[in-house]
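Mapped onto our numbering, the consecutive letters of the sequence shown carry residue numbers 1 to 339.
For the record, the hints were derived by calculation from the structure and aren't laboratory data. Model, not experiment: these values are computed from the prediction. Some clues are possibly wrong.
Only pairs whose alpha carbons sit at most 20 Å apart, straight line, appear in this in silico EDC-like list of lysine to aspartate or glutamate [said to hold, decoys possible]:
1. Lys91 - Asp53
2. Lys91 - Asp65
3. Lys91 - Asp63
Ranges of calculated distance between the beta carbons of each label pair, as one might list FRET restraints [unchecked claim]:
4. Arg31 - Arg276: 34 to 44 Å
5. Asp229 - His302: 39 to 49 Å
6. Glu265 - Asn81: 35 to 45 Å
7. Ser80 - Val313: 39 to 49 Å
8. Asn81 - Asn274: 37 to 47 Å
Here a beta-carbon is modelled for each residue, glycine too, at the ideal position from N, C-alpha and C.
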Amino acid sequence: RIIDACRRRDIDDLQILAVSKGGFLSDAIRRQAWPILLGFRVDESGELEDGSDSWRGLARHKDEDQVKLDVDRSFVYYPSNDTPAQLDAKKAALSDLITEVLRRQPYLSYFQGYHDICQVFLLVLPPSARAAAVSRLSALRIRDFMLPSLKPALAHLRLIPDILWAVDPALCAHISRTEPYFALSDTITMFAHNVQQYSDIARLFDALLAREQVFSLYVFAQIVLHRRDELFEHDEPDMLHFTLSKLPQNLDLDAVIDAAARLFERHPPESLRNWRSISNASALKTGRDVRRCAAQSLREGHAYFQQQQRELVWAAKREQALKTMWANKAVILAVVIGL
Numbered sequence: 001r002i003i004d005a006c007r008r009r010d011i012d013d014l015q016i017l018a019v020s021k022g023g024f025l026s027d028a029i030r031r032q033a034w035p036i037l038l039g040f041r042v043d044e045s046g047e048l049e050d051g052s053d054s055w056r057g058l059a060r061h062k063d064e065d066q067v068k069l070d071v072d073r074s075f076v077y078y079p080s081n082d083t084p085a086q087l088d089a090k091k092a093a094l095s096d097l098i099t100e101v102l103r104r105q106p107y108l109s110y111f112q113g114y115h116d117i118c119q120v121f122l123l124v125l126p127p128s129a130r131a132a133a134v135s136r137l138s139a140l141r142i143r144d145f146m147l148p149s150l151k152p153a154l155a156h157l158r159l160i161p162d163i164l165w166a167v168d169p170a171l172c173a174h175i176s177r178t179e180p181y182f183a184l185s186d187t188i189t190m191f192a193h194n195v196q197q198y199s200d201i202a203r204l205f206d207a208l209l210a211r212e213q214v215f216s217l218y219v220f221a222q223i224v225l226h227r228r229d230e231l232f233e234h235d236e237p238d239m240l241h242f243t244l245s246k247l248p249q250n251l252d253l254d255a256v257i258d259a260a261a262r263l264f265e266r267h268p269p270e271s272l273r274n275w276r277s278i279s280n281a282s283a284l285k286t287g288r289d290v291r292r293c294a295a296q297s298l299r300e301g302h303a304y305f306q307q308q309q310r311e312l313v314w315a316a317k318r319e320q321a322l323k324t325m326w327a328n329k330a331v332i333l334a335v336v337i338g339l
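Please construct the entire structure, taking both the sequences and the accompanying hints into account.
Here it is, written out as C-alpha cells:
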C-alpha cells in the first residue's frame, strides 16, 4: 500500500501510513516517500543549479567554521559498524551536503543540531536526492530555526504548555515551574540529537515529514504526558528541566506517534492560546497544510524568511523604544519628585 501511494504521489495516503505501525517500514520505501512529502522528484534537478559541484564555486557561508566543528562530532550513535575510514567518508559527505545547502541559500543561519538532521537524510537518501531534500526542508519546514534570532523557535515552545493544559492541567501547572526551554533541543533537531537508534529516528522522521511542522510539538507533549508519574516525583525547577530535556530511550514510538496524532485532532493548533502569537510567515502556519507546503518553491520559502526577518527587526525596534520610553519616564518622575 505504501509503494502504491508513492506511485500515485498521494500525500494524503502517505500521511495516514506514516503514523501507522512501523511508518514506511524500510529505507528503500523512504527513498520514494520522503521526496514526495518534501515536494520534489528524485530524477529531477529541481530548483538546484545545474552541475552537482557548481556550489563549490559559490561564496563561503558565514557559518562554515561551526559546521566543521559539528560534523567532526557527528555519527556518534549510528552507524555502529563502520570502520574509521567509512566514518570519515560519511563526515566528508555530510560536510559537503550542509555546505552546499548553505551556500545555495546563504540567507539561512546554521544552528547547532542541524547536522543531526542532515545526517539522517544522508543515511536514508541517495546522493542525488540529499541536497534537494535538505534545501526544501530548511526553507519550507524548519525555516524558523534558521533565522538570525532564536525568538521564533522559542515562540514554538510556548505551544507545548498550551497542549498540556488542554489535556492535563495539573501536570501543566507542575512543570510550569520551569520554562519550556527543555524542549528546544528535541524540537529544533526533529529529535535527531537525542534519539540514539537509527531505526527509531528514521521511523520518527516518517511521521514528522508526513505531518504538519507543528506536529513535532504534539509529539513532545505526548512524551511529557507519558512521563507524568516520573515528573511528579520532582519539585525543583532545575530537576524538572533536567528530566524533561533528556529523552527516554525506550519509548514505544509507534504508540507515541499514534497518541500524538489523536492529541492533534482533539486539540488542533488553532485552539491553542499562543497560536495567534505565531507569525503568519512562520513555517508552523505556512506549512499547516502538507500538500500546500510540498507545492511551495524555495523562492516562496525565502520570501517568508524575509517577512519574518522584517518582523524581528520591527519587534526589536519596538522593544528598544519601550525601554527608552520607560527610562525617560523614570527620569522625569525622579525630577518631579525631587522638586
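Query raised in the report: Between lysine 91 and aspartate 65, is the straight-line Cα distance small enough, at 20 Å or below?
Result: Holds - the C-alpha atoms of aspartate 65 and lysine 91 are around 15 Å apart, at most 20 Å.
Query raised in the report: Would the pair lysine 91 and aspartate 63 pass a check requiring their Cα atoms to be no farther apart than 20 Å?
Result: Satisfied, since the Cα-Cα distance of roughly 17 Å is no more than 20 Å.
Requested in this report: Indicate whether the distance between the beta carbons of arginine 31 and arginine 276 respects the range 34 to 44 Å.
Outcome: With Cβ atoms ~39 Å apart, the hint holds.
Requested in this report: Check the following: the C-beta atoms of asparagine 81 and asparagine 274 are separated by a distance inside 37 to 47 Å.
Outcome: With a Cβ separation near 44 Å, asparagine 81 and asparagine 274 satisfy 37 to 47 Å, so the hint holds.
Requested in this report: Check the following: the C-beta atoms of serine 80 and valine 313 are separated by a distance inside 39 to 49 Å.
Outcome: holds, 46 Å
Query raised in the report: Is lysine 91 close enough to aspartate 53, meaning Cα to Cα at most 20 Å?
Result: holds, 17 Å
Query - Range hint 39 to 49 Å (beta carbons of aspartate 229 and histidine 302) holds or violated - result: holds, 46 Å
Query raised in the report: Would you say the C-beta atoms of glutamate 265 and asparagine 81 sit inside 35 to 45 Å of each other?
Result: holds, 40 Å
The structure meets every hint from the earlier list without exception.
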